[in-house]
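So the protein lines, in turn, are chains L and Y.
What the first sequence shows, in the working numbering, is residues 52 to 170, in sequence order.
What the second sequence shows, in the working numbering, is residues 262 to 374, in sequence order.
Wrong hints could be hidden among the right ones.
Some chain Y residues well away from chain L (every beta-carbon gap over 10 Å; in silico) [as the list claims (entries may be wrong)]:
#, residue
1, Q275
2, R276
3, G277
4, S279
5, Q298
6, Q299
7, L306
8, G313
9, P332
10, T335
11, F336
12, P346
13, L353
14, S355
15, V373
Partial list, derived from the structure: chain Y residues whose beta carbon lies under 8 Å from chain L [to be verified]:
#, residue
16, A263
17, Y363
18, F365
19, R370
20, V374
Simulated from the structure, these hints should not be mistaken for laboratory data.
All C-beta atoms in this analysis are idealised placements derived from N, C-alpha and C, irrespective of residue type, glycine included.
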Amino acid sequence: AQKITQTQPGMFVQEKEAVTLDCTYDTSDQSYGLFWYKQPSSGEMIFLIYQGSYDEQNATEGRYSLNFQKARKSANLVISASQLGDSAMYFCAMRETLAAYNQGGKLIFGQGTELSVKP
Amino acid sequence: SAVISQKPSRDICQRGTSLTIQCQVDSQVTMMFWYRQQPGQSLTLIATANQGSEATYESGFVIDKFPISRPNLTFSTLTVSNMSPEDSSIYLCSVVTKDYGYTFGSGTRLTVV
């Protein structure tokens, strides 16, 4: 069965510093997708970054980058130059692939990491 | 990517009553997902709703408690029936877009008293 593990319940980082949020996954599929979402206290889910299993380069989106190590089955999120507004819950998720639809199935979420940015 | 309008954004309900949550998408989508997020927890999938077929429920969730409708490719509803305080959660709908991205509604924060 597919599984996502986030082992850091909470993290603190100083404003303007970089922080790495850990995510490991388990799947027997060859084709899969990995996502990171931010959830502020308002409850909405904000998409941050995506990495496909066949992507050879690590994904980057502005201050967000994904350190994808396929052999180790890890997909860590790196936030550079942290800002106070980055304080939120962060979820790593994996897309289940449905062979029948070939359009991507449900997302499986990790337990989340609560990031607090200190001024 | 798609834009989802989810209503209501929050509600406080009496135990034993039902609440229907709506999600309207600005484009046609094949698959729509309903998630529950209990306080301090991660997101758990309730069911997958495809237009024209019965929703597929995950283990631990039943149709009598969480009936879902999917009348067309842009709209779905989730009803939380016979509510108890344990149903107090954030409920989110999500869709898969053609680029295999996922978009979420803004969530419904439900409190049952």
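Numbers of the earlier hints that this structure fails to satisfy, in rising order: 5, 7, 13, 14, 16, 20
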